[in-house]
Every structure is written in C-alpha cells, then in structure tokens.
Amino acid sequence: MTLNDFNSHHLSNYFSGIVAYENNDNSQALKFFKKSRALIKQHESYLENYVYTLVLEGKVQQATSEIKKNITDGNSNFFEAHLILALDSLKRKNYKRSKEHLQRSYNFINNDRLSLIIAETLKQYLHVFEKNEISKIKNKFGNFSFINEVFQRCYLNDKNTRVYFDKLVNSKDGVDYTRYIYFYLNYLIENDGYEEAKNITANIDYLNSPLLISQGKKWIEDQMLEEFKKIFSCNNTTDIISEFFFLVSNLYSSQNDYENSNFYLNISHYLNPKFKFNLSLLVENHYLNKDYAKTLKILESFNKKDEFYYWFKLKKEAQIISKLKNKDKSLDFINLNFKKIKNPSIKIIFDIANFNKNAKKYKEAIRYYDQIISKIDINSQLYAEILYRRGGSYERLADYVSSDKDLLKSLEVNPDDAYVLNYLAYSWLEREYKIDLSLQMLEKAYAKRSNDPYIIDSIGWAYYLINDYEKAENFLKRAVELMPEDPIVNDHYGDILWKLDRKIQARYFWKNVLNLEETEDKMKKIIKGKLIEGLSNS
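Using this note's numbering, you'd call the opening residue of the sequence shown number 1 and step up by one each time.
Think of the hints as simulated: they come from the structure by calculation, not from any bench. A virtual CB, placed ideally from N, CA and C, is assigned to each residue, including glycine. Any given hint might turn out to be false.
As the list claims (entries may be wrong) - Result set (DSSO-like, lysine-lysine): computed pairs, CA atoms no more than 27 Å apart in a straight line:
no.: 1; residue 1: K361; residue 2: K375
no.: 2; residue 1: K329; residue 2: K290
no.: 3; residue 1: K340; residue 2: K315
no.: 4; residue 1: K315; residue 2: K325
no.: 5; residue 1: K159; residue 2: K140
no.: 6; residue 1: K91; residue 2: K123
no.: 7; residue 1: K172; residue 2: K131
no.: 8; residue 1: K339; residue 2: K218
no.: 9; residue 1: K305; residue 2: K274
no.: 10; residue 1: K304; residue 2: K340
To be verified - Computed spacing ranges between beta-carbons, pair by pair:
no.: 11; residue 1: K325; residue 2: Q505; range: 33 to 41 Å
no.: 12; residue 1: D399; residue 2: I204; range: 31 to 39 Å
no.: 13; residue 1: I341; residue 2: K363; range: 33 to 41 Å
no.: 14; residue 1: D468; residue 2: Q505; range: 16 to 24 Å
no.: 15; residue 1: G142; residue 2: Q505; range: 46 to 54 Å
Throw the hints in and build the complete structure from the sequences for me.
Structure, rendered in structure tokens:
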C-alpha cells in the first residue's frame, strides 16, 4: 500500500467521522475515528475530535488513556486534554501533578470565559485538597464562586458550613438554588443533624419540589439515611468535583448547548458514578436533541427503589411513545404503570392527573385532583393551583357550575393569579356571561402578563364582544404574531377583520385555520361555513 493510499483510506474515515460528529451521531463518529487512528499523531485536530467523541459516548477513562499514550506538542492544543489529565491526577490524589496539567490548560482557554471559570475554580479546589484550607485569593465569578466555597467549607467541615449552606439555599437574588437543599441535608445527616434535616424537609412540599429534593425528603421520612451517603459525601474529593462539573453542565444546558453540557456531565459521572440521579440531565439533553434511543438507554439507570426517579423514567418513556407512536398509546402506557405503583405520592398523583387532563380525559383528571385536594392544606398556594386545574377540567366537560365554583375559590386564595383570571373570564366570554366583569378581570390579568399570547387573545375577544373592533384588532394582531399556529387565535382574528370590512384578509386567516395541525373537526366545519357565507348578522 502506498503512502497516498494509506492517507486516502484513513483521511476518508476521519472526515466521515467529522461529518457524523457534526450531525450529533457520536456512536458512528467513534467507529470512523477508530478506523483512522493512524492519524492520531499526524493530524493536529484528530486527537481533539477523538477525545471529545469518546467523552460524549461516556468513555472518559478511554479518552484519558488515549491522551496519555498519544499526546504531542502538535496534537494537544486544546483545553480539554489538559483538563482531563488534571482530573486524572486529582483522582489519584497527586495534586502537584494535577496543578501542572491545569496550568498548561490556560494556554488554550482562548478567551472562553467558562473555560477560565473551570480552570480557576479547579485551582481553588486543588488548594483546598492540598493545604486543607480555603484559598485567600477569592474568585470573582458571582454566585458560582459562592456555591463552590460552600462545598469547599463542607469538605473541610468548617464550623461555618451550616451558615454558608443556609445563606445559599435561602438566597433572595432570584436564582433557583433548590438543588443545594439536598446537599445541605446530606451534610446535616453526615454530621448527626437528623432532627434539623427533618425540620427542613417538613417545610418542603412534594408538589413543587424538584426530583432530587423530593427523593431526599422521602428518604428522611422513611429514615433511609444511609441512602444519602451511598451517592455523595462532602468528604470525598471526587464527589465534590463531580458536583462542580454538574454545575458546569447545567450552565451549558441552560444555554441550549447540549453537546458541551453532555461532555461535562459525562466527566461529572466519571468522577462520581454513584450519583446516578445526575443522569436525569443527560436524559433531558438527549430527549431535547431527539435522540430517543440514547434517552431510553440512560433511563435504564433508574429503578423502582427510588420512587421519584422511577416515575421520572416512566413519564419520559411515555413522552417518547407519544413522539414515536401516538398520544393514545402514551396515555395507556402511563396509566397502566401508574396503577402498578403502591401508595403513590401526591406528586405522582398530580402528574397522572395532568397527563389525563392534557389528553382530554377530564373525568379521570378530576378524580385524581379530588384525591389531591383531600390531602393538602386549604391555605396552601398549591390548593389554588389544583382548584384551577380541576376547574378547567370541569369547564371542558361543560359543567360550568362546578367549574366556576372551583375557579372562583382559586381566586379567593390567590386573587391576582393572571392565568386563573384569564381562564374564568374567557369561559364567561364564551358563554356571553358577565362580559363587563370579564373584561375587568382580563385587564387585570393583562396588566400582570402583558406578553402572554393567551391573555392577549382573551382581552382582544372581550373587546370584540362589546363591538370595539379597532381595539380588538390591536390585541388579536399581536396574538397571531405570537401564536401563528393556534387555530382559535386565527379564527378570532378573521372574525374581527370581517367586522372591520377587511373581508379578503378575514378569509385568508380562516383558510389558514383549516391548514393548522391542531384544528379540530368541529371547528373546521364552522370555518367552512364562514368561508361560504361570512359572519351572519354582519
């Protein structure tokens, strides 16, 4: 084989690997990269692409080995190579060597602020691990730095750890720090603070808590305290570095950068594979990328022992069935599996109620909402939320007496809820009932949620019903711009245009309704009549 043949053969596989990688087909990319490994020391970007693909496939240990065996001055000009070597040394508790690798990584940060934050934060952690003290040089990365200082103090069992955790979880800066309640509970349990942990979870409501907090609360209620220590410990260096990289992954995911999110999440899992609950973020990333095969594969990590994550698994499987098959099969799947759960928590009952409501199975939804209402405090804000959802279900069944009763009662608890105001007012408008009061309620809702397209549609329709067509057109035009695929909004806008004697435009929007995916057969029949006869009594 000539040199040209050799290069051609391997370059072909390499470029095929790049194409697969860019198409997010990492499994296929890895196959092509393996076939062209002869280029690993010849092509400067080969190692980078190969390593990145290995990590995305969850093969972090193999990526580390490939870097160690094949690194040269010419092919290691990327930040992640030196970061991975730094983490490998950190795992071996060779902090001096880890710092050396980390120092080299600075040469390849290239004005990437998040890479700088990673390097600087990791440097602080290495100082803590090596010197058993908090670094006097403080990073200025806002709350990101504060979160990591909390974990560093937790590692050192600093006397102020409780104070720092309390400040973090009760921060009023508008950022959601709920996740860190779990690590506060973990710290308390490791330090004989069970009663304090129990007091914290007593004030946590299952219905509005994330999965991790719900699972922690359940463990405390069932006195399964050993479960906390099985997956995380502040005393374990790789556990807290793993949590740091989970935070990095979460930041990337929040920016819809799922590739970098998955890269750092796989590093996080490599550092602490015990914390399988973190894989729920990987599930969401793959699901949003429409990679349902990988989503289902990762979901296998969750089992019945961990109630809330098992339910998360079932819900996500139902969503995938809906995408790949149909909504009826999805609903059948989730209802069947719900019935197999003994003594489901209120959070799970709430979810199954919402599944049925969204599938227009309103009687079933009401039955589940009834169960929840019988179990929660009537002074709770969640009480108002359940009444709103049950009231909406009654309204869809045309049981307006029950619907109005629930929605009005919800407003007694929370009189400023824009969505309840909108729902009740629109329901009245549909019945041509209390139109003036409905308009007042909608103006109040609009003042609170002026960019919500449903509220904009409702208030526009209210003006239509009192014959103020010009005002109505201003609102409905905005609603159509915000929800161009909504059949009701298009229908409303067509009606208003007809009343304004813009009949050609009106017919354009009515015709549009017939082509929309969500248009129901009953509405299509009405629209066809309008296209022939226009609006009656015009």
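Going down the list of hints, with the structure as the test:
1. About 22 Å separates the Cα atoms of K361 and K375, which keeps this hinted pair within 27 Å; it holds.
2. For the hint pairing K329 with K290, the CA-to-CA distance comes to about 19 Å; that is within 27 Å, so the pair holds.
3. Under the criterion of a C-alpha separation no larger than 27 Å, the hint pairing K340 with K315 is consistent with the structure, at around 14 Å.
4. A C-alpha spacing of about 15 Å is found between K315 and K325, which places the hinted pair at or below 27 Å, so the restraint holds.
5. Annotation: proposed proximity of K159 to K140 holds, straight-line Cα distance about 23 Å (limit 27 Å).
6. Proposed proximity of K91 and K123 is supported: the alpha carbons are some 14 Å apart, at most 27 Å.
7. Restraint check for K172 and K131: not satisfied, since their Cα atoms lie roughly 33 Å apart, outside the 27 Å limit.
8. Proposed proximity of K339 and K218 is supported: the alpha carbons are some 20 Å apart, at most 27 Å.
9. At roughly 15 Å between alpha-carbon atoms, K305 and K274 fall within 27 Å of each other, so this suggested pair holds.
10. Between the alpha carbons of K304 and K340 the distance comes to roughly 11 Å, so the proposed pair stays at or under 27 Å and holds.
11. The beta-carbon spacing between K325 and Q505, approximately 39 Å, falls within the hinted interval of 33 to 41 Å.
12. Range check, D399 to I204: about 34 Å between beta-carbon atoms, so the 31 to 39 Å window is met.
13. Checked against the given bound of 33 to 41 Å, the beta carbons of I341 and K363, roughly 21 Å apart, lie outside it.
14. For the pair D468 and Q505, the beta carbons lie near 19 Å from each other, so the given range of 16 to 24 Å is met.
15. The supplied range of 46 to 54 Å is met by G142 and Q505, whose beta-carbon atoms lie about 50 Å from each other.
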